[in-house]
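Chains as they are written, first to last, in this note's numbering: chain A, 1 to 237; chain B, 1 to 135; chain C, 1 to 260.
Note that these hints are calculated values from the structure, not bench results. For every residue, glycine included, the Cβ atom is placed at its ideal position computed from N, Cα and C. Take these hints with a grain of salt, some might be off.
Stated by the list, open to error - In silico DSS-like pairs for lysine-lysine, Cα to Cα no more than 27 Å straight-line:
| no. | chain 1 | residue 1 | chain 2 | residue 2 |
| --- | --- | --- | --- | --- |
| 1 | C | Lys-16 | A | Lys-125 |
| 2 | B | Lys-99 | B | Lys-119 |
| 3 | C | Lys-16 | A | Lys-23 |
| 4 | B | Lys-33 | B | Lys-74 |
| 5 | C | Lys-83 | C | Lys-256 |
| 6 | B | Lys-41 | B | Lys-3 |
| 7 | B | Lys-3 | B | Lys-119 |
| 8 | C | Lys-31 | A | Lys-125 |
| 9 | C | Lys-18 | A | Lys-112 |
| 10 | C | Lys-257 | A | Lys-23 |
| 11 | C | Lys-257 | C | Lys-83 |
| 12 | A | Lys-112 | A | Lys-125 |
| 13 | C | Lys-18 | C | Lys-83 |
| 14 | C | Lys-18 | C | Lys-31 |
| 15 | C | Lys-83 | C | Lys-31 |
| 16 | A | Lys-17 | C | Lys-31 |
| 17 | A | Lys-125 | C | Lys-256 |
| 18 | A | Lys-18 | C | Lys-31 |
| 19 | C | Lys-83 | C | Lys-16 |
| 20 | C | Lys-16 | C | Lys-31 |
| 21 | C | Lys-83 | A | Lys-125 |
| 22 | A | Lys-112 | C | Lys-256 |
| 23 | B | Lys-33 | B | Lys-99 |
| 24 | B | Lys-41 | B | Lys-74 |
| 25 | B | Lys-3 | B | Lys-99 |
| 26 | C | Lys-16 | A | Lys-18 |
| 27 | A | Lys-18 | C | Lys-83 |
| 28 | B | Lys-119 | B | Lys-74 |
| 29 | C | Lys-256 | A | Lys-17 |
Stated by the list, open to error - Some residues of chain A that are not near chain B, with every Cβ distance over 10 Å (derived):
| no. | residue |
| --- | --- |
| 30 | Asn-40 |
| 31 | Ser-169 |
| 32 | Leu-223 |
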Amino acid sequence: MTQPIVICQQATKRYGKKTALDKLTITIPTGRIVGVLGPNGCGKSSLFRAITGLIRVDEGSIEVLGQQPGWQTNRGIAYLPDRGRWYPNHSARQALEWGESLLPGFDMDTAKRLANFMDVDLEMKLSGMSRGQEARILLILCMARNVPLIILDEPFAGIDVMSREAIISGLIDYLENRNQSVLISTHDIQEVEGLFDYTVMMNQGTAIWSGEMDDLRAEYGSLHNVFRTLYKKEWKP
Amino acid sequence: MEKQQVGSLRFQIDFSQPLHEQILDQVRSAIAKGEIGLGEKMPSVRELAQELRMNPNTVMRAYQELERDGLTEKRRGQGTFVTSSPERVQVFRTDLAAKYIDAFLAQMSSLGLTWTDVKAYIQQNHTSDKGGDRS
Amino acid sequence: MNSSSIFWALVRHEWKLKGSWRRQNRSPVTKWWWIIYLSLVIIAALSTATYYAIHETLHLQNLWYTTLGFPYMLFFVGFGILKREWENDTHGWWLTLPYPRHWLIGAKWVAAWLRMLLVVTGLYVLGALYATVIALCLSHYTFADVSSFLLSGLNWFLLIVGFSPFLLAIGLLTAESQFTALRPISPILWVLFMGGGGLMYSNTGAWLRGSGMSQQFTDNQPIIFLPFTWQVLAFMGASWLIAYGIIRTCAYVLDKKLSL
C-alpha cells in the first residue's frame with residue numbers, strides 16, 4: 001500500500017468563535033479522484049487552505065505528500081482557489097506563460113492541448129472573457145501540471161453549462177493514465193458524481209463519512225440520497 | 001436514468017448503484033447476447049469514460065476484470081477487443097447463467113418457496129416460451 | 001530554473017501587473033473622463049509655468065515643488081501592489097506559489113521600486129526637456145539656470161529614491177495588515193503614517209532646510225551636488241535597515257498568520 005496523499009489528525013481551526021475545522025481526522029489514499037462534499041461552510045475550503053499552507057491549524061496535524069504543509073509542499077500541488085480569479089490585464093496566453101515560468105511541472109504543450117480541447121482563445125484578454133471562459137483557463141493552469149496532487153475548490157461554481165461540460169470533459173480526458181490524486185470540492189453534485197471514486201463527506205468542520213464511492217453507493221444509494229440521509233438536519237424545512 | 005449508446009454497446013447507468021459492477025455486468029451481457037460481436041473492437045477507456053461522464057479509473061477497473069475473465073483481450077497499440085473465441089463466450093455464458101440461477105433459487109428459498117413450487121410456476125406461465133433472447 | 005531566475009520572473013510579473021476587476025466594471029466613459037481631466041491639469045500646469053516664465057518671474061527650481069507629494073505616492077504604490085491581489089481575488093494563486101514568502105513580498109517590493117525609478121527618471125527627463133526649451137526660447141533664462149535646475153532636481157530625487165524602500169515597505173505592511181492577524185494594528189499604521197507624514201509636511205520648510213534642500217528649491221545661491229548633512233544620510237541608512245526588517249516581518253506574517 002502506498003503512502004496516503006493527505007492525513008489529518010484531530011485538525012482544528014477556529015476563527016474567533018467560529019470553528020472551521022473541528023477535530024477533523026481523515027486519511028485520503030493516493031491516486032484517486034476524491035469528492036470532498038458537503039453544504040456551504042462545512043469546512044471544505046478550510047481543509048484545502050490548510051493542505052496548501054495558506055492557513056495553519058490551531059490544534060492537531062495535517063500531512064500532505066508525507067510532509068507538513070508549507071510553500072515547499074506546494075511544489076507538488078496544483079491548487080485552484082475557491083472563488084479565485086485571474087489578473088484581468090493578462091491574455092490567456094500570458095496566463096499560461098505565467099504558469100510556465102512559475103509553476104513547477106507545468107507543461108506548455110499539455111496546456112495548449114487542453115486549451116484547444118476546451119475552446120479557449122489564447123489571444124483573448126481575461127477582462128473580455130465570461131466567467132466560464134476564465135474558469136477554463138484557471139483549470140488548465142492546474143491540470144497542465146505534472147504534480148502528484150491536484151486540488152480544485154468549487155471548480156464549477158457560477159459558470160455556464162457549456163463551460164461545465166468542457167471542464168468535465170477536460171478532466172476525464174486528462175485523468176486517464178495518470179497516477180495523480182485529485183481532490184474536488186463541490187456542493188453541487190449533478191453530473192460530476194460519476195467522476196469520484198472516493199468521497200469525503202463533511203459537515204460542520206468534521207468528516208461524517210469517508211471511503212470508496214462505490215461503498216457509499218451500496219450503502220446509501222445515489223449522492224442525492226446520501227445528502228438526504230447524512231445531512232438530515234440541514235434538510236429540515 | 002437514461003440509455004446511452006457507445007459504439008455497439010448500450011449502457012444504462014444508475015448512479016445510486018456501484019458503477020464498476022454496472023459497467024461490468026452490462027458489457028458482459030452485451031457480449032453474451034452478441035450485441036457486440038466476436039473480435040469486435042471495444043470503445044477505449046477514455047471514450048467510454050467521456051460518454052458515461054465517469055472516472056476513467058472505474059472504467060479501467062471494469063476493463064481489467066473483463067480481460068481477466070477472458071472475454072476481452074488487449075492488443076498492443078490497437079486497443080481492447082472482444083474475444084474471437086465463441087467457446088469462451090459460451091463457457092462464460094453458461095457460468096453466468098448458473099450464477100444467476102443460483103442467485104434466483106436462493107432468493108426463492110428465502111421467500112420459503114421450494115423447487116417444486118418454482119417448477120410448477122414456470123411450467124404454468126412460461127411453457128410457450130422456448131427460451132432465448134428475452135430481456 | 002535556478003532560484004535567482006525564479007525571483008526575477010516574480011519581479012517581472014509584478015512589474016507588468018496592472019488593472020483590476022473593479023476598474024474593469026467601470027464604464028469606458030469614466031475612463032475617458034479620467035484621461036480628459038488629467039490632460040487638463042497637465043496643460044493648466046504647463047501653461048501657468050510658461051506664463052510666469054514669459055514674464056520672467058518663474059524660478060525654475062520651483063517646478064520641483066510639484067513633486068512634493070511623491071513620498072505619499074510611494075506609500076500608496078506599495079499599498080496598492082499588495083492590495084491588488086485581494087481586490088482581484090488572485091491572492092490564492094499568489095500565496096500558493098511554491099516559493100518562500102519573502103521572495104513573494106520581496107518581488108513586489110523590488111518591482112515597486114523599479115517602477116518608481118522609471119517614473120522618477122521619466123519626470124526628470126521631461127523636466128530637463130521643458131527647462132531646455134524655456135532656456136532656448138526665452139533670453140532671460142541661461143543654460144546655467146538649467147544646470148542648477150537639473151542639479152537641484154537630482155538632489156531631490158536622490159532623496160526620494162533613498163527613502164523609497166522604507167516608504168514602499170510601510171505601504172506593503174499597511175496593506176498586508178488588513179488580511180492577516182495584524183488587522184488590529186492596521187488603524188494604528190494608518191494614523192502613524194498619515195499623521196507622521198502630515199507633521200512632516202506642515203514643517204516642510206524646516207525639514208527641507210534641515211536636509212539642506214530648501215535653499216536648492218528657492219534661493220539663488222549656487223547649487224551643489226549632494227548637499228545633505230550626515231544626519232540625513234544616517235537616517236537614510238537606518239531606513240534601509242528598517243525597511244528590510246519590515247519586509248521580513250511581512251513575509252513571516254504571510255507565512256504564519258494569514259487570516260483567510
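A/Ser-169 clear of chain B by more than 10 Å, beta carbon to beta carbon? Since the minimum Cβ distance to chain B is about 6 Å, A/Ser-169 lies within 10 Å and the statement is violated.
Pair hint outcome, C/Lys-257 versus C/Lys-83 [Cα-Cα no greater than 27 Å]: Answer holds: C/Lys-257 to C/Lys-83 is near 17 Å, not above 27 Å.
Restraint status (C-alpha distance of C/Lys-18 to A/Lys-112 at most 27 Å): 25 Å, holds
Does the structure keep C/Lys-16 and A/Lys-18 at a Cα separation of 27 Å or less? The hint is violated at about 39 Å.
For the pair supplied as a hint, C/Lys-16 and C/Lys-31, is the alpha-carbon distance within the 27 Å limit? Cα-Cα ~20 Å, so holds.
CA of C/Lys-18 to CA of C/Lys-83, is that 27 Å or under? 12 Å, holds
Taking C-beta pairs only, is A/Asn-40 more than 10 Å away from all of chain B? 23 Å, holds
Restraint status (C-alpha distance of B/Lys-33 to B/Lys-74 at most 27 Å): It holds: about 21 Å lies between the C-alpha atoms, which stays within 27 Å.
Would the hint linking C/Lys-256 and A/Lys-17 be met if the CA-CA limit is 27 Å? 20 Å, holds
Would you mind confirming whether the straight-line C-alpha gap from A/Lys-125 to C/Lys-256 stays at or under 27 Å? 35 Å, violated
Run the distance test for B/Lys-41 versus B/Lys-3: straight-line Cα separation, threshold 27 Å. 21 Å, holds
Is the Cα-Cα distance between C/Lys-31 and A/Lys-125 27 Å or less? 18 Å, holds
In summary, the numbered hints that this structure violates are 3, 7, 16, 17, 18, 22, 26, 28, 31, 32.
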